[in-house]
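K.L.:
Residue numbers (numbering that gives the first Met the number 0), protein chains in the order written: chain H, 0 to 298; chain R, 0 to 298; chain B, 0 to 298; chain G, 0 to 298.
Any given hint might turn out to be false.
Which copy is meant is left open, because identical chains are indistinguishable; a pair holds if it fits in one copy or across any two.
[Unchecked claim] Keeping only pairs whose Cα atoms sit at most 16 Å apart, straight-line, the calculated EDC-like set for lysine to aspartate or glutamate is:
(1) Lys101 to Asp72
(2) Lys289 to Asp72
(3) Lys289 to Asp223
(4) Lys41 to Glu75
(5) Lys9 to Asp39
(6) Lys289 to Asp221
(7) Lys9 to Asp29
(8) Lys289 to Asp220
(9) Lys9 to Glu34
(10) Lys21 to Asp140
(11) Lys21 to Glu96
(12) Lys101 to Asp246
(13) Lys289 to Asp38
(14) Lys41 to Asp29
(15) Lys41 to Glu219
Hints are computed from structural coordinates only; laboratory data are not their basis.
Number of protein chains: 4
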Amino acid sequence: MQLGMVGLGKMGGNMAARLREKGHEVIGFDVASPERDVDDLKTLVARLDAPRVVWVMVPSGEPTESTITALGDLLEAGDLVIEGGNTHYVDDLPRAERLAAKGVRYLDAGVSGGVWGRQNGYGIMVGGEAADVEAARPVFDSLTPDEGGGFVHAGRVGAGHFVKMVHNGIEYGMMQAFGEGFELMAASGIVDDVPGTFESWREGTVVRSWLLDLLSRALEDDPDLSGLRGYAQDSGEGRWTVQAAVDLAVPAPAITASLFARFASRQDDSPAMKVVAALRNQFGGHAVTKADGTVAARD
Amino acid sequence: MQLGMVGLGKMGGNMAARLREKGHEVIGFDVASPERDVDDLKTLVARLDAPRVVWVMVPSGEPTESTITALGDLLEAGDLVIEGGNTHYVDDLPRAERLAAKGVRYLDAGVSGGVWGRQNGYGIMVGGEAADVEAARPVFDSLTPDEGGGFVHAGRVGAGHFVKMVHNGIEYGMMQAFGEGFELMAASGIVDDVPGTFESWREGTVVRSWLLDLLSRALEDDPDLSGLRGYAQDSGEGRWTVQAAVDLAVPAPAITASLFARFASRQDDSPAMKVVAALRNQFGGHAVTKADGTVAARD
Amino acid sequence: MQLGMVGLGKMGGNMAARLREKGHEVIGFDVASPERDVDDLKTLVARLDAPRVVWVMVPSGEPTESTITALGDLLEAGDLVIEGGNTHYVDDLPRAERLAAKGVRYLDAGVSGGVWGRQNGYGIMVGGEAADVEAARPVFDSLTPDEGGGFVHAGRVGAGHFVKMVHNGIEYGMMQAFGEGFELMAASGIVDDVPGTFESWREGTVVRSWLLDLLSRALEDDPDLSGLRGYAQDSGEGRWTVQAAVDLAVPAPAITASLFARFASRQDDSPAMKVVAALRNQFGGHAVTKADGTVAARD
Amino acid sequence: MQLGMVGLGKMGGNMAARLREKGHEVIGFDVASPERDVDDLKTLVARLDAPRVVWVMVPSGEPTESTITALGDLLEAGDLVIEGGNTHYVDDLPRAERLAAKGVRYLDAGVSGGVWGRQNGYGIMVGGEAADVEAARPVFDSLTPDEGGGFVHAGRVGAGHFVKMVHNGIEYGMMQAFGEGFELMAASGIVDDVPGTFESWREGTVVRSWLLDLLSRALEDDPDLSGLRGYAQDSGEGRWTVQAAVDLAVPAPAITASLFARFASRQDDSPAMKVVAALRNQFGGHAVTKADGTVAARD
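One chain only, chain H, in its complex shape:
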């Protein structure tokens, strides 16, 4: 089928390529990419046959918001916008309602797969009306893995980004669990082959998983990860997961611990622990470590 693709970066570009390989007509636009087929949104819309389908795959936040606002002005009743970026799910419904005022339809699509997606297919999680999902079905079928699976119409508007967010939250928890296990083995004093242990788990164990495969691969190159700093960014979706847990009164201690561990990994020093050190010094005369690294007892 025919599709407009706005955003031709790492994700959008690969997705456009995969869709073309599968026989779709993709008209791409990205102001920053020489790969673009048209030079502005207006031309993109003009080039598409109604009812149009436009996939938006630009950075989340303002770029997505302004792109969709502009599309809202250009598109006509019956056209369909698919937002495939990392939108916070709470923004989907107001956006859909703004478009609906003009008769423009809206699907939110969470996309998983990263740099492996073009080759292996993407995981696609969609929120919105069933009729709109059906309208874009050929695109979803081509983006997801050839062997089937990888697609869900998760629920109403927002559900696609919500479950993608939860997917990433679960991912945080799984990664943290592997990290804690690694650290325990490294600290044990009796485990001599940590990479071999992870490698061995890839068959016949309960924890076998793609993340384990990747960890095993990373340890092949750097068996004790001494080449890396323990410094981990967070992508926003981990934060939204914890905020959703708070909003929904759902206890999510493991995912939250994973997020907080990333926060802590980026701190040079912990203000909270300064308080603990100061208090121990006050009540117990316990030594403190000064900012210059010297150790001083309470006078």
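Keeping the supplied structure of chain H fixed, place chains R, B and G upon it in accordance with the hints.
P.N.:
Just chains R, B and G now, with coordinates in the frame of chain H:
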């Protein structure tokens, strides 16, 4: 090769069967099993050719301890005991040292795979001397999956049970992460197809894993798990993982959160939360819920 | 000095009474209270001398928002609104900016003290301009404890509610710590006098605190708290604290654990733990507890 | 009354001084202290009238164990040992049983108060038989604060050290809560007077406590704690609290979070976070920070 197997329960029995299918001569003993080949340990030892290899697969704690003590009396210098049960790793070294006083060798083997192991092969993680690992290599090769993998000589005595313990700790964290994700989706009010979402993740996503496969299968039968209580036992290895983290000064917040969530799941009521309720009532006049279910404000 | 008080409930009514006892002229309005001095906001504003000072002490959310919007229409340049309710700090700055467009000034005041405040004085934490703080200084002085202390000009607009929120977050952590300690002693099997232990800590220990005094008092009436359910509400400020931690990338594991423990205390059953139980059953054949309470192994 | 005091360090020396001020006859021994009254344990025992009371206040672990073993050899039936150090509660009962074989009685006493105890009195928590508690009552009365309180006979042998351990666990949680609150305010960008905020809380708020007083004092000297590293030791009792929680199946997330935060504060780098960074790099091509501080994307 020839092997004595002490313990013919769910694990030992299946392992003996798998080994026999692969051509090994297994002489089994289990006082409680009609499948036993001999009626006591003494006869078992007499039936084996020196240097003997005896795999112990009985319940952890006292049964394992007394079995190995008895074997220590019966075996001779050069014989090898492989402890495949759920021994706490801190007990391995003292036990090995007691056997070593008589010249009896000791390997500790963590075994993963549960009820699926007989068919798919087991994960085996071994601690001990390299020469002893080589002596039992044919047995390990036959227990692990046919397609290779699933085996590691993890380190010195205790390392096998240590890494098996860590494996289970990681497993706790992964299961908790999936649980939190499920609960978030169920509470969202916008996700209409939770089972389909998990199913879709089985291809093309970062969280794909055997546990995800199993969860998807469980949700096929009971899409909202309404047939189950949220009541989870813990096997001991999760507790040991947290205790090892404390002993080794390793922060393990996600795994610990997973263990505590299981503890809480088995409580009818939380004493800690009674304190919180009582305090809120004291300082704020906030209502409390009485033991009989009525709600009462502070008078 | 002269002050308008909007909201004469448990908090506003007590505060008005304390201020009158200290010689201030308080003109109170609350549509739902027979204690009101005027029947509507318009009359309240008419009764006050310019530049007016109006303290708003109504339920947070819509009631506060609509009250301040109405006041914004009635007040004149130079008048001052003090918002003393439980406003989410992120709402203070936009609100102040809306009022500032008309020249109306705004202070946000976090108030602590609960039902004990009228007698003992309140803790007051204020955000806003120094000149505005000075304008209302006599009121703050009379609301805070007679023996001094209890007041801070914490920072710019929003800071008052922010630090009040953090105060409550700390309170969550302290209460949870006492709760966990209580539960540990109750579970120990060797501690026979839990109330006496808390009572003894009131002197000469590191944990002495007002919350400990209150806990000791609660245990006088009900030594094992058997009369209460372990069921704890949360007031909103605990949630905001965790959300601020997430927004600010501050690890706050203890406060968050306290919030999640309250969430869990209000669940009849844990969906997350259903997943854990289902997974254990799938991979290990571990028994599950059915919704009807019966225990069933995997078939 | 007459008392032998073994151990004249910071704690034992101050306690001996306080007891003498209150009129007790204290015979002190400490091989490392010039303040000692006798030169060996044998002479100490000879100097005391039967039935003797000996308070042991030496470093925990081996020093305590060997001191009590030696006392067990020297003392007679009817004599009483009071162990006031930081013994792990699980060691009390076996120790008491060894002494009981000779008719020597045993009390375990948890002591709180630190460097402030000599002046303000100590908190004393005792485990053991009621008759033995009565025998030493005058000593307990003199050690605890003059204004009363500060003493509890918490339960049977081990209970004194158990509740002292729990006291310290609660202390960990409270300190962590204050630390998290400090960090939130420091990170907020709108709170300009953090020390003043803590100071203001000392009156009229729910969190007022001795720890708050100490924190306020610490912030007087160093308003943003810039002179300190966020580096916090743990004393052993926090670890035991978490291990007790695990042993007793008590969820203790806030106290555990506090312990883990201290562990993390002492790490130069987090091995667990290296795993997270490595995995993010593997699946998403996310940049990693190399050990030399440079940032590199996945190639």
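K.L.:
Take the hints in turn and mark each one as holding or not.
P.N.:
How the hints compare with the structure:
1. Proximity of lysine 101 and aspartate 72 under a CA criterion of 16 Å is satisfied intra-copy only: 9 Å inside one chain copy versus 35 Å between copies.
2. In this homomeric assembly, lysine 289 and aspartate 72 never come within 16 Å of each other (Cα to Cα): the closest approach is 60 Å inside a single copy and 46 Å across copies.
3. In this assembly of identical chains, lysine 289 and aspartate 223 lie within 16 Å of each other by CA distance solely across copies; the values are 13 Å between and 31 Å within a copy.
4. Taking the closest pair of Cα atoms, lysine 41 and glutamate 75 come within 16 Å of each other only inside a single copy of the chain (12 Å); across copies the shortest separation is 48 Å, beyond that limit.
5. For the homomeric pair lysine 9 and aspartate 39, neither the shortest alpha-carbon distance inside one copy (20 Å) nor that between copies (60 Å) is at most 16 Å.
6. For a Cα distance limit of 16 Å, the shortest separation of lysine 289 from aspartate 221 across copies, 12 Å, qualifies, whereas the shortest one inside one copy, 34 Å, does not.
7. For a Cα distance limit of 16 Å, the shortest separation of lysine 9 from aspartate 29 inside one copy, 12 Å, qualifies, whereas the shortest one across copies, 59 Å, does not.
8. Taking the closest pair of Cα atoms, lysine 289 and aspartate 220 come within 16 Å of each other only across two copies (14 Å); inside a single copy the shortest separation is 38 Å, beyond that limit.
9. For a Cα distance limit of 16 Å, the shortest separation of lysine 9 from glutamate 34 inside one copy, 12 Å, qualifies, whereas the shortest one across copies, 61 Å, does not.
10. Only within a single protomer do lysine 21 and aspartate 140 lie at most 16 Å apart by alpha-carbon distance; the minimum there is 10 Å, versus 44 Å between protomers.
11. For the identical chains of this complex, lysine 21 and glutamate 96 are neighbours neither inside a copy (33 Å) nor across copies (54 Å), given an alpha-carbon limit of 16 Å.
12. Within a single copy, lysine 101 and aspartate 246 get their C-alpha atoms no closer than 31 Å, and across copies no closer than 34 Å, so neither meets the 16 Å cut-off.
13. Neither within a single protomer nor between protomers do lysine 289 and aspartate 38 lie at most 16 Å apart by alpha-carbon distance, with minima of 59 Å and 39 Å respectively.
14. When the C-alpha separation of lysine 41 and aspartate 29 is checked against a cutoff of 16 Å, the pair qualifies only within one copy, where the shortest distance is 12 Å, while the shortest distance between copies is 56 Å.
15. With identical chains, the CA atoms of lysine 41 and glutamate 219 are never at most 16 Å apart, being 50 Å at best within one copy and 46 Å at best between copies.
Going down the numbered hints, you'll see the structure goes against 2, 5, 11, 12, 13, 15, while the others check out.
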